[in-house]
Amino acid sequence: MSDSPAIAHGAPADAHLEHPSYLRHHFNSVEQQADTTNFAMWLFLLTEIMFFGGLFTAYLIYRNWYYPAFVAGSHQLNVVWGTLNTVVLIGSSFTMAMGVWCAETRRRRGLVLCLTLTCILGLCFLGIKTVEYREKFEMHHVPGQHYSLQSFLDPQSNPAVFAEYHDKPLALDMARHTEIYFSLYFALTGMHALHMIIGIGILVFMIFRAQAGAYTAGHVTFVENFGYYWHFVDLVWIYLFALLYLISRHQ
Amino acid sequence: MSDTIVSLPDQSTARIPKVNYLSKENGLLSWLLTSDHKRIAILYLISITFFFFIGGALAGLIRLELLTPQSDLMATDTYNKVFTMHGVIMIFFFLVPSVPATLGNFLIPIMLGAKDLALPKINLLSWYLYMAGGLLALYTMMSGGVDTGWTFTTPLSTHYVNTNVLTTGLAVFVAGFSSIFTGLNFIVTIHKMRAPGMTWFRMPLFVWAHYAASILMVLGTPVLAIAIVLVALERTIGIGIFDPAKGGDPLLFQHLFWFYSHPAVYIMILPGMGVISEVISTFSRKRVFGYTAVAFSSVAIAVFGFFVWAHHMFIMGISNYAVLVFSLLTMLVAVPSAIKIFNWAFTLYKGSITFETPMLYAFGFMGLFTIGGMTGVFLGTSGTDIHLTETYFIVAHFHFVMVGGMLMAFLAGIHFWWPKITGRMYPEKISQLAAVVTFIGFNLTFFPQFILGALGMPRRYAAYPPEFQILNVFSTAGATILGVGYLLPVLYLTWSLKYGAIAGNNPWQATGLEWQIQSPPLTENFTELPIMDHEAYDYEWLENQKAKEVASVG
Amino acid sequence: MSHISPVIWQYLVKWMTNFALFPPEASRIAPQMDALLFFITLVSLIGLTIVVLLVVSFSILYSKKRHPVAVQIEGSTLLEATWTIIPLGLFLIMFVWGALIYFRVYTPPANAMNIYVVGKQWMWKAEHPGGQHEINSLHVPTGQPVQLTLISQDVFHSFSIPAFRVKREAIPGRYTTVWFEATTPGTYHLFCTQYCGTNHSQMIGDVVVMTPGDFKAWLASSTSGASLAQNGERLFASLSCAACHNTRPDARGPSLANVYGSKLPLSTGESITADDAYLREAILNPSQHITQGYAPIMPTYQGQVSEEGIIALVEYIKNLNSDYRIQQTTNTTDLLPESEGKAASAAAKTTAPGKVNP
Amino acid sequence: MSEQAQHLESEHPVEHEHHVVNPSVYVVIFFALLVGTALTVWASFIDLGPWNPVIALAIATGKATLVVLYFMHVKYSSKLTKLTIGAGIFTFLALISMTLSDYISRAWGRW
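Protein chains in written order, with the working numbering: chain A, 1 to 251; chain W, 1 to 554; chain X, 1 to 358; chain Y, 1 to 111.
I should point out that these hints are in silico values taken from the structure, not numbers from a laboratory.
Wrong hints could be hidden among the right ones.
Unchecked claim - 25 Å max Cα-Cα, derived BS3-like pairs, lysine-lysine:
# : chain 1 : residue 1 : chain 2 : residue 2
1 : A       : Lys-136   : W       : Lys-350
2 : X       : Lys-65    : W       : Lys-429
3 : X       : Lys-64    : W       : Lys-350
4 : X       : Lys-64    : W       : Lys-246
5 : X       : Lys-64    : W       : Lys-429
6 : A       : Lys-168   : W       : Lys-246
7 : X       : Lys-120   : W       : Lys-350
8 : X       : Lys-64    : W       : Lys-546
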């Protein structure tokens with residue numbers, strides 16, 4: 001109902017004269033374009049929140065139902081690897097943020113460096129994740145046909161990462177529910193890793209484009225939006241780390 | 001007054017403008033690689049019509065099977081596959097994208113005074129995703145089908161069927177992303193691409209309705225996506241999140257599924273409501289009664305729509321207290337729909353009403369949607385839900401809302417904007433006939449199903465006790481008429497592409513920005529950036545405008 | 001009339017003779033449900049009439065011919081408030097009324113007779129406490145509240161008796177309940193209404209309502225030899241439950257006499273009512289609800305006992321009014337050296353030879 | 001709906017200047033995040049009973065807030081962005097709380 005602020009009336013649509021090449025034809029100004037893609041990115045991240053939201057809901061419910069199983073399950077995770085991964089990911093977020101700054105201040109080499117570092121740190125994360133996954137594989141903690149309850153029924157046979165917990169054997173029925181914990185673990189970290197892989201793919205593409213100077217000519221929207229995505233993935237991990245590794249350590 | 005209305009352009013001499021979005025480029029590639037929202041809308045229109053008729057053919061098979069109490073036309077598992085595919089195709093590949101992806105895509109930028117949607121490439125991507133999902137669904141159908149019902153109920157879908165649950169799930173997943181991108185594009189466009197002077201409360205109600213629906217698409221669909229992913233993982237690897245044998249809770253799947261699938265019914269119906277607002281206003285030459293209330297009721301439906309999903313689970317063993325909460329909220333979400341119906345009725349008051357085809361469809365919508373909405377209250381009331389849910393009552397209810405409501409609105413919209421989309425008029429008399437045939441056929445098909453449901457006939461039955469036969473015969477007979485009612489528009493609309501009368505810019509004397517430009521529009525929509533200096537549905541402004549034009553021409 | 005084809009004529013006659021809008025009312029709740037249905041129908045019809053009247057009369061009064069110039073009206077807050085508040089009020093009445101009925105349908109009275117129903121693809125199996133089994137049918141007496149305890153062995157099913165206006169899903173992994181009191185003898189439809197796979201539409205049966213006298217006769221004639229509790233007792237013995245759940249002072253498990261319906265203090269400090277659902281949970285997921293004062297040593301019986309077996313056990317525990325019967329099973333199990341032989345010998349020891357549940 | 005009203009205001013200052021965040025801010029946030037990580041890992045090894053998850057989630061939320069505000073520039077963004085995030089969190093909480101409303105109250109009385 002309010003009057004809109006008077007915006008330059010009747011700006012002719014074909015005033016293309018001094019428009020930069022990256023301005024798409026249907027926008028009136030670079031600011032509008034940047035704002036729009038920015039907003040679109042945020043909306044996309046909203047869908048990501050809801051995507052992970054479903055899993056978080058499941059996690060919350062089952063943790064309340066099967067707490068001992070979740071404790072035993074999380075004792076099988078290696079907090080050292082988890083912490084290391086958190087640090088790696090925070091580092092990559094930092095380099096990404098620096099990358100955005102480089103792009104904004106038109107430092108091409110800085111940008112390439114930052115993106116490359118981000119990419120490497122992302123790969124480090126995935127590497128560590130792979131090590132962790134392999135451990136789970138070896139111990140038959142991957143849900144499904146080959147899932148083994150051994151390490152929960154008889155903790156001595158397969159000591160937890162931190163022996164000082166002295167895990168007592170779980171009752172068989174509760175031990176079975178550790179499969180739910182690992183189902184959630186793999187669903188959550190798997191979805192997260194998938195996001196990382198997609199992110200790294202885009203990063204590689206961006207490094208090549210950055211090399212060519214694509215983002216250091218004043219048009220930083222793409223880098224910035226990708227940065228949002230990357231930070232979001234980092235943010236999800238911050239919660240995953242807390243939920244999966246940290247909050248269920250004590251019976 | 002009537003003398004100030006400028007008569008329609010002389011149609012014998014009028015020409016379709018040489019330069020328009022259709023004629024700008026030629027060749028298949030120019031369509032497949034287009035980023036013009038209007039062309040993408042046409043792509044969508046063709047593809048959803050295709051899927052509609054596939055879904056319709058499946059519906060025909062269902063009705064034929066139900067003509068007799070025994071399962072004689074097809075085996076029970078064939079029947080199960082048929083109704084599953086009918087549901088999947090009609091919901092994910094017709095109803096969800098129907099109005100938004102076609103009319104919404106075509107009109108929202110124009111209504112806002114923009115040259116295109118904010119993200120044209122994403123728009124094209126969403127059509128490709130839609131087609132990928134659709135083709136996958138067709139492939140599923142060809143390669144043996146799937147028989148879980150469109151609701152993918154666990155543990156049936158995860159452990160007890162051997163059909164193509166995975167490909168169907170993937171099809172729905174991909175189509176879901178198409179819908180997310182459409183919704184995202186609309187929200188961004190509505191926020192960022194409005195022409196100068198186009199404030200929120202000057203937007204047509206069509207845009208408001210799409211805004212509300214888009215919120216639901218963006219926030220609801222991902223939850224469906226994750227639910228489907230978990231079902232797929234449970235089928236393939238055997239994770240146990242919904243598996244009662246491993247300690248999972250199958251009701252959790254229901255929660256996640258309906259968290260999307262209930263708002264999805266609003267995704268389907270809200271854009272239809274937007275169409276009706278435009279049509280009723282135009283053909284009664286009058287501002288929509290209580291514009292603000294109608295606009296806010298759309299948003300209210302979107303917001304409340306997120307809090308009512310568990311009314312699909314009243315008898316599934318969720319807690320009685322949760323039932324109380326969800327039942328109460330369901331009652332609240334019914335109110336905005338009631339507001340809309342009465343506001344539309346009062347828009348007619350002191351109008352100057354004509355009865356072209358879109359208006360007939362709109363009247364049909366109002367009647368059928370009222371019935372559909374009120375029977376929804378039967379089901380939202382926790383007590384009566386016990387008796388009526390999972391019977392043909394519920395089938396009749398959502399077909400009244402979806403087919404009687406949404407499809408009527410879709411047809412109303414297609415006829416209403418046909419002159420704008422193609423530049424040509426549809427043949428009025430036969431289309432009025434089609435509207436009436438559809439209305440009669442629809443009621444004959446689905447009204448008996450309310451009685452069937454009250455009598456207790458369960459849904460998804462290939463065979464049923466013989467005493468239900470007579471009503472099923474009525475229903476099948478009605479479906480035949482309904483089929484004719486839907487085929488007619490395809491025929492005469494196609495005919496009109498070549499032989500229809502030239503429409504001119506504004507054949508309905510409507511006020512929307514889309515009617516102030518040439519039909520079919522230019523690729524850029526506007527020759528110069530429009531400036532909105534009046535409210536929506538301002539018929540006096542239109543009169544003045546016309547008077548000015550006449551004066552300047554004179 | 002001679003021109004009407006005989007087929008259509010047949011249909012018409014059928015319709016005229018069978019025409020009904022509601023199924024028969026054969027339970028206590030049915031008239032109450034129908035009253036609410038009637039109320040909502042009435043409101044809907046009035047609402048629909050108002051809308052149709054408005055549309056039709058405005059269409060006639062303000063058609064372009066009669067009313068060439070539209071009068072622009074913004075809206076009317078008063079009118080809009082009216083059609084916001086009146087429907088809201090009506091909806092709230094329906095909500096409260098509906099909730100009352102909902103709670104009535106799903107809150108069984110204390111004196112209800114319990115029948116267990118197991119759903120599986122694609123049949124209903126009913127188990128009466130007296131040991132009578134039924135498949136795809138259910139015999140119930142009039143004038144006696146009947147509680148159904150439902151569970152599914154595989155997928156979701158839904159137990160629906162339209163003539164009683166009740167319906168409840170049988171879901172895997174958890175008991176659900178519903179109750180009714182039949183009023184009119186007769187045979188009524190029993191449907192599975194939740195889609196459950198290929199033969200979903202064949203998962204139907206009959207509910208036979210009998211007078212109490214007839215019902216007694218039916219019970220007597222269809223007995224399988226052992227009551228459900230007796231079956232449970234055999235199972236209790238063969239699973240060596242009494243090895244722990246006995247009355248000795250050093251018993252490793254709590255005594256189960258009179259446990260049903262009592263409030264059990266748990267090791268977590270909470271307490272829980274021992275109902276059917278709890279007993280089932282305690283057998284399958286024992287470590288989750290440890291009774292105070294006992295060690296969490298009970299093994300799970302998941303995968304070892306079928307749903308019918310669990311029902312028999314639950315029924316047995318329900319009927320344990322004294323320690324005497326447990327003592328009996330203890331004695332038998334103590335006497336038996338080999339675990340293999342236990343079941344058979346225990347079965348042999350009990351009064352009537354009957355089928356032991358798997 | 002108040003969403004709408006606020007959009008009205010947030011809408012049109014489209015032409016605001018692009019804010020470039022000083023790298024020193026990033027460095028500070030980076031170290032704050034590292035400290036947060038160290039803190040939360042340390043806290044998880046102490047048995048605090050019911051407080052363990054509370055503390056871990058509080059620290060995680062604190063870290064997430066830092067990331068969102070500074071790395072993701074929300075501190076310098078338009079109201080619309082803030083509202084968008086708000087809407088996301090709101091719907092997320094709706095999903096969780098309404099689902100839990102069923103799970104929590106199942107234990108109240110028989111089902």
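Quiz item: Looking back at the numbered hints, which does the structure fail to meet, lowest number first?
Solution: 1, 4 and 7
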